[in-house]
Amino acid sequence: MPRLEVLKTYKIYIGGQFPRTESGRYYSPVNKAGKKLANVCLCSRKDFRDAVVSARSAFGGWSSRAAFNRSQILYRMAEMLEGRKAQFIDELIQQDATRAHAEKEISLAIDRLIYYAGWCDKFQQLFSAVNPVASSHFNFSVPEPTGVVSIIAPQGDALLGLVSLIAPVIAGGNTCVVLASETKPLCAVTFAEVLNSSDLPGGVVNILTGKPAELVSWFTDHMDVNATLYCENNSDVQKLIREKSASNLKRVHFYDKVNWYSAEGQSPYFIMDSQEIKTTWHPVENIAGAGGGY
Amino acid sequence: MPLPREKIIRPDFSLSPRIDQVGVEERASRFTKRSIKKETKLNGLKLVLNMIDLTTLEGKDTDGKVKQLCYKAMHPHDALPGLPTVAAVCVYPTMVKVAKKALEGSGIKVASVTTAFPSGQAPRDVKIRDTKYAVANGADEVDMVISRGKFHAGEYNFVYDEIAMIKEACGEARLKVILETGELGTYDKVRRASDIAMQAGADFIKTSTGKIQPAATMPVTLVMLEAIRDFYYRTGKMTGMKPAGGISKSKLALHYLVMVKEVLGEDWLSNEWFRFGASSLANDVLMQLVKEETGLYQAGNYFSAD
Amino acid sequence: MATKKKAVRSKPSGKKSNTIRLKFDTSWSYAPAPESKSAATIDKQYDLFINGTWQKPLSKKYFSTINPANEEKLAEVAEASEADVNKAVDAARTAYEDVWKKMPPKERAKYIFRIARIVQEKARELAIIETLDGGKPIRESRDFDVPTAANHFFYYAGWADKLEYAFPNRRTSPLGVAGQIIPWNFPLLMAAWKIAPALATGNTVVLKPAETTPLTALKLAEIIQEADLPPGVVNILTGAGATGAAIVNHPGINKIAFTGSTEVGKIIQRAIAGTNKKATLELGGKAANIIFEDAPLDQAVEGVINGIFFNQGHVCCAGSRLYVQESVAKEVIRKLKDRMESLLVGDPLDKNTDIGAINSKQQLDTIRKYISIGKKEGAEMYESSCRLPGKGFYCRPTLFTNVAQSNRIAQEEIFGPVLAIITFRTDDEVIEKANNSPYGLSAGVWTDKGSKIFNMTKRLRAGVVWANTFNKFDPASPFGGYKESGFGREGGLHGLLPYVQLTS
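Residue numbers (my numbering), protein chains in the order written: chain A, 138 to 431; chain B, 10 to 315; chain C, -3 to 500.
Errors might be hidden in some of the hints.
SDA-like, lysine to any residue: derived pairs with alpha carbons at most 20 angstroms apart [stated by the list, open to error]: (1) C:Lys262 / A:Glu380; (2) B:Lys47 / C:Thr22; (3) B:Lys46 / C:Pro28; (4) B:Lys46 / C:Ser23; (5) A:Lys183 / A:Lys394; (6) B:Lys198 / C:Asp444; (7) B:Lys55 / C:Thr22; (8) C:Lys158 / A:Glu380; (9) C:Lys274 / A:Asp373; (10) A:Lys376 / C:Pro247; (11) A:Lys259 / C:Lys454; (12) B:Lys47 / C:Arg166; (13) B:Lys260 / C:Ser25; (14) C:Lys262 / A:Gln375; (15) B:Lys50 / C:Ala29; (16) C:Lys274 / A:Gln375; (17) B:Lys47 / C:Ser25; (18) C:Lys19 / B:Leu278; (19) C:Lys333 / B:Phe240; (20) B:Lys260 / C:Pro30; (21) C:Lys347 / C:Ser60; (22) C:Lys454 / A:Gln262; (23) C:Lys262 / A:Arg388; (24) C:Lys429 / A:Ser194; (25) C:Lys468 / A:Val267; (26) C:Lys274 / A:Asp393; (27) A:Lys394 / C:Asn245; (28) A:Lys376 / C:Asn245; (29) B:Lys300 / C:Ala29; (30) C:Lys454 / A:Glu380; (31) C:Lys347 / B:Phe240; (32) C:Lys326 / B:Lys260; (33) C:Lys19 / B:Gly274; (34) B:Lys42 / A:Ser272; (35) A:Lys259 / C:Arg166; (36) B:Lys50 / C:Trp24; (37) B:Lys46 / C:Pro247; (38) C:Lys262 / A:Asn385.
These aren't lab readings, by the way, just hints derived from the structure by calculation. What you are looking at is a predicted structure, and each value in this text was computed from that prediction instead of being measured.
Sequences and hints are given; from them, build the entire structure.
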């Protein structure tokens, strides 16, 4: 008798743990051929609530890490992803990709992590300023992470889109809660396993599976979330997100026109979308410079 | 039995409050924004005149020069009746006797600089004798200088003890302690020197000798006024303030009055607690007073130089 | 020892500490020094500034703007209706498409420079009108509002032909027509903050000043006319909330820039949902001002005074929560009270006035409401002893001690001269308390220790952090909030971004 294959259980990723949804619910996405991909957690608003708690508690530590250290960890993520390339290709193919496309997507995803690993300790230099104010003050502006970011990952580019959204957010020191593609969730969960084995502190990235239709409103009106990213060209949802975001004035960005496979799919401006500019003033003593006339 | 001097634990003057230069200068410039008009100006000018320590501190001072200065002190401008006199005449110890005689009965005080003014670079016993000589000759007030070298060397106790000893030598005379802020370099040090002087018994603290630039400035004076205020709250003891040198215009003097009014209030607005050490200020005040009276802008030739 | 023996000859020697106080009600006091109104001209009635001309409102309605210092009417201004907004947006659109977008950037720059110059030339008149219409002290309009407004135009004028240097590896294009709605606390300055970067980046403008303070914006319209700015590039519409809503909801607007309350900011965010309009929101605040025991205390006190009493406390970044380390709390509070006694409240036109009139009756009522809430909550109120004018809207500088973090006066924006003082013991405690607010516009830190400053300024979640200073503004310095204090920056290089589209 041939060996019976061991099937993988796809769980969600919250606070560095892999629990099942608290709701006990599941759904079974199928591919084009009608083959069931897996029993996947159908996350509830309470899973989201728990994930936000994890993301918030991870924010202080992650944002105050040295940028160099964040860079190292993103690089480590790329290394881990490279090592599990074959598994991602399998899953992408299960999710209807051709082998050629799957190979391209995983390669780009790895390279994207490397790209943002490099930005971790550089974008601040690009977007900071020492401002020449007219009074005797030293004045400088620097980007700082906005906080907890909720991300509705693109439905289509299940891996590359996911990585392209998460990487700039965490490279900049934010933490996030991500809702994976509803129809193609497999590699999102596997990506969580990559994260978990790459020195990324628990809670920095939290990945849920489930239905945007059910969760998008919770992702957008939670009072402890600082920004929301959304990728679909669905004007009703976009409208809903902007309305709900007013609850606590979240920063909202829509990436429906971005082609993640092109050069415009990566830039430090994506990092800046989840950054705040802080300006600091301090007096400059001017005794010697005043010609002794103090 | 009192402890010997070297065993006494004195306050740790290195803990004096810190001063932010930009902040204190901003605050000082705010006083200059007050608009002083009409009777406020008139009363202010008279107050300024009455707070002046009319000063001559030159190597070439003679009896004749000092006598003329004393006459001016008593009769600032007889053409304008009802004017107050200045507060004091400030001279070297050797001129105290002449000044005292010239001012007899006028109520104007005689102040004498001592302690090897202006450098203060003399042995302590010389400084004490210098002071006792001035007091014995009739000085009502003594303007001493601190040992800036020792201060910069961190020997705060030396500076403190010296002031305390001069205070003792003063007897009934009021002691003004000159910090020579132009040699101290930072507001932090101005504040520390002020604290030392008041703790050691100063009746007045004074910015400058007039021989070093910069002399009095508004921010330096503000730092000292705030030190006086803090000392007052801590001890209940009032200390006077004397900016000296560099205040030659009425308008600037009025800004100083504004500062005294807003930092220390009513009790300091008299010549018992606030003085201007100046020589040319008096005539500028007189010119402004006459201008207020006549409506005409004035010329120096109509006011006696001494 | 020597000093003990003869002690001192001070007058009230050895007073008990509880009887020691300074008397600031001095016999030498300031005579009135009012700025003359003759240097300013205010028309009886103002129309709407649309397409470079003054146009009667289609609504045919006018409303009065009064001087809050004496409740006298200053002028009548037009109330723009939706139809007027349509006209203005059309004019702005045409000017954008036909003229402004096509104009070489260096020419655009020169127009803005020209506006800056005329603002400088008319500084005195603008300052007087600002004070008459808004109630702020003439010293502030003269020394702060008007020169800073002019400087803002100067700063952004120079950016117009240098935008390719502002955003690495990106090209910029303007957004189109910007609808700008500004508050009553810094009327001319806010107009400059809004208009200058919009024009520099090639956008055209429909601006609505606040209904209680429209006059300097209308004067600015005259200046824009005098500068020969092409018609329609800047349109200025007066009106109240309905006019603002018409601008926000107009489909021809590409960009909303709003400064005002968080409440209205949220309404705007909801209103533009489902559109492609971009938004910049500069909203409320409840800034923490933190004094550590090693701070330069007198300068800190001055910073606190300036932080809460500047412009009657009508400042979104006002330092309205004072956190003071317990070891110096008594001394700081004493110094604050003394300093408050030397603040002169009264006629805004008097050059010696430190605190002018509260901008409106409505705002005065709000402030009074919060003062009574503070008392009910058990906090201890202290107000300075100054006399207030009989007519007009005035409020004494006020502080509350024994305030708890949970008190409403410590959490809600009062927008008046009311300070809540809360004590703390450790660095971590104060950071937690300071960040414990839905707002994040500004914050202040006072300490003599450099490494602590950087720790604090980094951990404070606010867009502007003043260390050993407070309430400083400069055209080159970006301003704007975290969290519910809004998003987008105004000022500096970062103030360009809200008005451009970036393409690679």
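Now for the hints, and whether the structure bears them out:
1. C:Lys262 / A:Glu380: holds, 9 angstroms
2. B:Lys47 / C:Thr22: Satisfied, since the Cα-Cα distance of roughly 17 angstroms is no more than 20 angstroms.
3. B:Lys46 / C:Pro28: This hinted pair holds, its Cα atoms lying about 8 angstroms apart.
4. B:Lys46 / C:Ser23: Holds - the C-alpha atoms of Ser23 of chain C and Lys46 of chain B are around 15 angstroms apart, at most 20 angstroms.
5. A:Lys183 / A:Lys394: violated, 31 angstroms
6. B:Lys198 / C:Asp444: With Cα atoms ~15 angstroms apart, Lys198 of chain B and Asp444 of chain C stay inside 20 angstroms; holds.
7. B:Lys55 / C:Thr22: Measuring from Cα to Cα gives roughly 16 angstroms; hence the hint holds.
8. C:Lys158 / A:Glu380: It is violated: about 36 angstroms lies between the C-alpha atoms, which goes past 20 angstroms.
9. C:Lys274 / A:Asp373: OK: Lys274 of chain C and Asp373 of chain A at ~17 angstroms, within 20 angstroms.
10. A:Lys376 / C:Pro247: holds, 15 angstroms
11. A:Lys259 / C:Lys454: holds, 18 angstroms
12. B:Lys47 / C:Arg166: violated, 62 angstroms
13. B:Lys260 / C:Ser25: holds, 16 angstroms
14. C:Lys262 / A:Gln375: Holds, because 16 angstroms separates the two Cα atoms, which is no more than 20 angstroms.
15. B:Lys50 / C:Ala29: The given pair, whose Cα atoms are some 11 angstroms apart, holds under the 20 angstroms limit.
16. C:Lys274 / A:Gln375: holds, 13 angstroms
17. B:Lys47 / C:Ser25: Answer holds: Lys47 of chain B to Ser25 of chain C is near 11 angstroms, not above 20 angstroms.
18. C:Lys19 / B:Leu278: The hint holds at about 11 angstroms.
19. C:Lys333 / B:Phe240: holds, 17 angstroms
20. B:Lys260 / C:Pro30: holds, 19 angstroms
21. C:Lys347 / C:Ser60: violated, 26 angstroms
22. C:Lys454 / A:Gln262: holds, 16 angstroms
23. C:Lys262 / A:Arg388: holds, 12 angstroms
24. C:Lys429 / A:Ser194: The given pair, whose Cα atoms are some 17 angstroms apart, holds under the 20 angstroms limit.
25. C:Lys468 / A:Val267: Since the Cα atoms of Lys468 of chain C and Val267 of chain A sit roughly 15 angstroms apart, the hinted pair holds (cutoff 20 angstroms).
26. C:Lys274 / A:Asp393: OK: Lys274 of chain C and Asp393 of chain A at ~16 angstroms, within 20 angstroms.
27. A:Lys394 / C:Asn245: violated, 25 angstroms
28. A:Lys376 / C:Asn245: holds, 14 angstroms
29. B:Lys300 / C:Ala29: Measuring from Cα to Cα gives roughly 19 angstroms; hence the hint holds.
30. C:Lys454 / A:Glu380: Not satisfied, since the Cα-Cα distance of roughly 31 angstroms exceeds 20 angstroms.
31. C:Lys347 / B:Phe240: It is violated: about 32 angstroms lies between the C-alpha atoms, which goes past 20 angstroms.
32. C:Lys326 / B:Lys260: violated, 36 angstroms
33. C:Lys19 / B:Gly274: holds, 5 angstroms
34. B:Lys42 / A:Ser272: holds, 18 angstroms
35. A:Lys259 / C:Arg166: holds, 17 angstroms
36. B:Lys50 / C:Trp24: holds, 9 angstroms
37. B:Lys46 / C:Pro247: Cα-Cα ~56 angstroms, so violated.
38. C:Lys262 / A:Asn385: Answer holds: Lys262 of chain C to Asn385 of chain A is near 8 angstroms, not above 20 angstroms.
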